[in-house]
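Undergrad: Chains G and A, in that order, give the protein sequences.
Here the first sequence is numbered in this note's numbering, starting from 1 and rising by one per residue.
Here the second sequence is numbered in this note's numbering, starting from 1001 and rising by one per residue.
Mimicking SDA-like on lysine to any residue, the simulated pairs with C-alpha atoms at most 20 Å apart in a straight line are: (1) G:K162 to A:I1441; (2) A:K1454 to A:D1373; (3) A:K1419 to G:R193; (4) G:K502 to G:I514; (5) A:K1419 to G:H77; (6) G:K502 to G:G418; (7) G:K374 to G:R460; (8) G:K558 to A:I1441; (9) A:K1116 to A:A1159; (10) A:K1116 to A:F1155; (11) G:K502 to G:V421; (12) A:K1212 to A:P1074; (13) G:K162 to A:P1385; (14) A:K1212 to A:F1079; (15) G:K162 to A:P1452; (16) G:K588 to A:Y1172; (17) G:K162 to A:T1382; (18) G:K162 to A:K1454; (19) A:K1454 to G:L160; (20) G:K162 to A:G1379; (21) G:K558 to A:H1312; (22) G:K162 to A:G1386; (23) A:K1419 to G:H210; (24) G:K162 to A:F1374; (25) A:K1212 to A:V1073.
Listing some non-contacts, in silico: residues in chain A with all C-beta distances to chain G over 12 Å: (26) I1006; (27) I1042; (28) H1065; (29) F1206; (30) L1214; (31) W1295.
The hints are simulated quantities; they were obtained by calculation from the structure and are not laboratory data.
Just so it is clear, CB atoms sit at the ideal spot from N, CA and C, and this is done for glycine as well.
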Amino acid sequence: MLDLLFLVFLFPLAGFFILAMSGGRFSERTASIIGVGAPLLAVIVTILVGYSFFTTIPTGGAYTQFLWNWIDVPGFHPDFALRLDGLSMTMISVVTGVSFLIILFSVWYMHGEEGFSRFFAYMNLFVTSMLFLVLANNLLFTYFGWEGVGLCSYLLIGFLYKDPANCAAARKAFLVTRIGDVAFAIAMWLIVRELGTLNIQEIMRLAPEHWAVGSGIATAVALLLLLGACGKSAQFPLQTWLPDAMAGPTPVSALLHAATMVTAGVYLIARTNGLFLLAPLGQEAVGVVGTITLVVAGFCALSQTDVKRVLAYSTMSQIGYMFLALGVGAWSGAIFHLMSHAFFKALLFLSSGSLILACHHEQNMFRMGGLWKKLPVTFAGFVIGGLGLAAIPPGDGYFSKDLIMADAFKSGHYVMWGFAVFGAFLTAVYTARMIFLTFFGEYRGSEPHHGHGGPATTPRGWTHHVPLVALMIATLLGGWFGMHISMLPASPAGEQPEILEKLPLILAVIGVIICWPLFVTHREFTARFTRRGLGNQIRLVWFHAMGFDWLWDHVLVKPWYLIAGFGRRDFIDQIDRAIERVFLGWNKVFTWSETGHLRWYAASVGVGAVLILAAIIYS
Amino acid sequence: MDPAWILGALIIIPLVGGLACWGSEYVNPHLPRWIGLTTMTIVLALGLYLWFTGDFSFTILGPDHRWGLELDVPWIPRFGISFHLGLDGLSLLLTVLSGFIGIVSVACSWSEMHRKVGFYYMNLMWNFAGIIGVFLAIDLFLFFFFWELMLVPMFFLIALWGHDEPGQARTYAAMKFFIYTQASGLLMFVAILALVFIHHRATGVFTFDYNKLLGTPMSATAAMLIMLGFFGAFMVKLPTMPFHVWLPDAHGQAPTAGSVILAGLMLKTAAYGLIRFCVSMFPEAAAHFAPIAMWLGVAGILWGAAMSFSQHNMKRLVAYMSVSHMGFIMMGVFAGTAIALQGVMITMLSHGVSSSALFIITGQIYERMHTRDFRQMSGLWTRMPGLPPVALFFAMASLGLPGMGNFVGEFLILLGTLKVSVPIAVVASLGLITAICYSLIYMQRAYYGPAPDKRRFPGLNRREIATMASLIAVLLWLGIHPNNFLHTSAATMTAVSQNYAHAQEGTTFNGVASR
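Chain G extracted, bound-state conformation (with noise of 0.2 Å):
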C-alpha cells in the first residue's frame, strides 16, 4: 500500500482546487465537508502508508515514489520524488493528523465568517505544501513545499484582509521567511554547483566524499541552510515575524505552530544532518542559535497580555529547544520534541480560540479571570497543553524536552544545558501565569472593551469538543512512547548524575508554585513592582520583543523606503527628462532669435562680425 503514498497530498491539493474554483458560492456545509474530509482523507491514506510501512519494512527502511522529472537541464536533473522514512513518516503523522483536528476545529471557530470557503482552501493548501515539504527526496522540491508553506502563512495571516494591520504582519512573515528562504537558495546553489544534484540521499552520500569535516563549503552550506531554517522556525535573528502573525484567526496560528511551518526549519536541519556533522561549526551555531532564543522568547513570553502573544513567544522558546537538540547532536530528540510540541501546543492555540471567542474576541489576559467552570473543556485544555509546555509530567513536553536536556549534558555542552535548564524554569513560570490569570481570581471583563469582552459564553457543539479532547489523549499519552528515528544519527553517548536529570522537573514545579502569589493572590504587588522604575523598564523591553523589531525597522526597513520613495520619479528618468529641456531650451533661444526684423538680423550679423574681429585681434 506504499505506492497510495502521493494520495497523501492530493486529497488535500484536490480540495484546495475544489474549493477555490468554487468562487465562495458553497454553502458553508459544503465547504466544510470538502475542507475537512479533504485532510480527512489524507489521515486515512496516511494511516494505512504507516501500517504496511512498519509490518512490511522496505529495503533500506525507506521508500521512494519517482512522480516525474522536474527539471532537465545539462548537469542538473531534480525530480519530483517522495521519500518515505522514519522521519518522513513520523512528520507526516503528525502534519497531517494535527492539521485534521485543527481543520475541525475550525468549522466551529469560523462559523460565520466571512470567505468561508477561501479560509479552507488555504488551510488545505498549507498542509499540501507542508506535505510536499516533508516528503521530498530533492531539496528543490523541498523548497516548493518551503515557498508554499511562505505563501499559505501570508494568505492565513492576512486572511481578515481589511485590517491593513493584518496585512502588514502577513507581509512581514512572508518577507522575513523570504530573507531565510534566500538563504537556503543560495545553500543549494552552492550543493549543485560542488555535487552536481539536489537529492538529499546522494547529497548525504557524496558530500563526505567530497567535503573534508569543517571545510570551508560544508560550514557555508551549512550555516545558510541554518539561516533559512532560522527564517521557516523563527529563530534568532528572523524570528520578529511569529508574534505578529498572531493577526491571523486563532486555528491559523494553531497550524502555523504546531502542525506546520515553524517545525520547517527542524525538519530540514534533521533531514540534512550530513551535511552538519561535516561542519561542526555549522552544527554548533545551531545550538547557539537555539539556545539564544530559547532564553530571549521565554523572557519576552513573561511580559505579554495577550493569550495568544505568549503562545507565540512560547513555541518560538520550544522551537530554541530543537534547535538546541540539532546543535547538541540529540536528532531524535529534537523530533521528539517535534512531535510532543505539535500536540500541546495545537491543543493551547486551539483551547486559547475557544477562550477567545467565548471572551467575544477579548484577548487580553488581564481582563479575563476565574473562568474554570464556566469553560470547563477549554479549562481542561489549557491545563494539560500547559503540562505539556512546562515539562511536567504525565504531560508529554516532560518526556522529550527531559531527552533533550539530558543529551545536552552528555554531549559535554555545560553551558547550553545551564540555560536550557534555566528556560524550563521560564517556561513554568509564563504557562501558569498565563493560566492562573485566566482561570482563576475573579473576571475582569464583564464590561465591554473596544467592542471586546462581555459576560462569557460557553462554547458548544461536537466540532469544538471532539479536536480538544483528542488532542488533550495526545498531549497525555505522546510521550510514554519515546521515540527512536533509526535514520537519524544515534544521540550522544555519555553520563548525566540523577539529581541534575531531575533538576529542570524540579524547577518547573517551583516555578509554578511561585507564581500563584504573584498572579493570583497577590496581583497588587506583581502589578506594582512591574509598573514602574526598573521593573518596568524590564517589562516594556521584554515586551517589545528586546528591540529586535526596531532594529530590523531601522536597518532595512527604514533604508527600502528611502530609496524607493527617493525614487519615485526615477532620477535616471530626469537625467533623460533634463536632456529634453536642455533641447527644449536651444529650441527656445533660436525661435526667440528668429524674428522676421530685417534690422536685427543685421545687427547681430554686425555683433557677430565684431566679436569675431575682436577674437581674432586678442588671440
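Dock chain A against the given chain G, drawing on the hints supplied.
TA: For chain A alone, kept in the frame of chain G given last:
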C-alpha cells in the same frame, strides 16, 4: 509543399490578416477582431505544428550545424541579401509564444477598442509580423528590416490608442519609445554594416547571411565594437539600466494590448538578439564584456524592484517589475552556462505570460474603475469578484513562487550564474527578496485593505475567464513540467554555451571559427 514555406507563412499571414482587418472595418466594425483572432489562431496552430513535427536536436553552432527548417529566397543578390528564415528550438518557442500572446492580445482588446478598430487590428497584426520576423530572420539585413517593422505599428498603437496621463501626453511616451529604440537600432545597423564590410574584405563576398558571417575573422577591437553595437540596441530594448526609462512611460500610456505585446514579446526580441548575435557571433568579445553586462543586469534587478515598489500607477508598477525581471535575463545570457541559458529560455516564456497577464488585469480594472491609480483602489477583493485571486496568482508568479514558470527560470539563471561568479549571483538573489516587496505591495494597495466606498464592479466575463485560465495553465505547465520547453531549446542553448565557454576559457579566438 516544402514545410519551410510555413516559416514564410508565419510572417505573411499576419501581414495579410492585418490588411484584411483594415478593410473589413468598412463592412462591419466587429469583423476586424474576428479576423484578428482567426489570423493569430492560424499562426499559433502553425507554430504548434512545427513544434510537434519538427526536430530541434541540432543547431547552427554545434558540430552538426544546420537549422531545423530553412527558407532562402533571393532578395537583393548584389549585396548578398536574401529573404532567409531559419528555425531552431529557440526561435520556435518564441514564435509559439508570439502566436499565443497574439490570441491573448486580440482577446484583451475585444471590447476595449472603439475608435478606428480596423486600423488598430492592422497595427496589431503587423506588429506580430515584425516580431515573428525578428525571431525567424537569419539574414542580418532582413533582421534589421523586421526590427524596424515592429517598431512603427507599436508607435501608432501608443500614439493613437494610448491613454493620456495627467501632465503627460501619450504622444510623449510614443515618441520617447520611438527615439530610444530607433537610435539604438541605428547603432545596430552600423554594426551590421561594419561586420559585412569586414567580411567582404576578408573573403571578397558581400553577404548578410548569418551562417556565413558567423566565422568572420577580425581583430579583438573590431569584434568588441561590433558586439557593443548589437548590445546597444538590445540593452535599450530589453531594457537594461540605465536605458530603461522609456519602458514605464510606454507601458503607462499604451493600450492594454500594446503593453501585452511590449512586455510579452518585444522585450524578448532583445533577449533573443543577445543570445543569437552578441553571445553567439562574438563570444570572445562578449566574454570580455560579461562582467559589466552582468552587473548591469543585477543593477536592473534591484533598481527596477525599488522603483516598482514606489509607483502609484499600477501599470508603471508592472512595467518596473519587467525591468527587474529582464535584469535576470541580461545576467543569465552573459553568464552563458547551459543552465543559465535554459533558465533564460524559461524566464522569457514565463515572463511573457505572467507580465501579459498582469497588464491584462490592469486593463480589466481600468475598464471597470476607469483608474490605474492605486490611491483610488483598495479592498477590491470582494468588490470585483473573480479577478483578485487571478491577480494573486500572477503576483505570486512574479515573486518567483515554485510551481510557476518564473521560479524555474530564475532558479536556473541564478544557479548558472553562481557557477560563473558567486558575488554576482548572491547580490542578484537579493532580487528574490525585493520581488516580494513589489508583489505584495501590489496586492495590498489594490486588493486588500478597507474598501473606501460601497461601489461594486462586475466580475470577469467568459472571454476574460478563458483568457486568464489559459494564461494560468501555461504558467503552471512551465512551472511543473518545463521539460517540454527545455528539451526543445536544449540543443541551441547547449551549443551556444559550449561556444561561449571556449571563449570564456580564452582557448580560441572567435570561438566559432574553430568549429
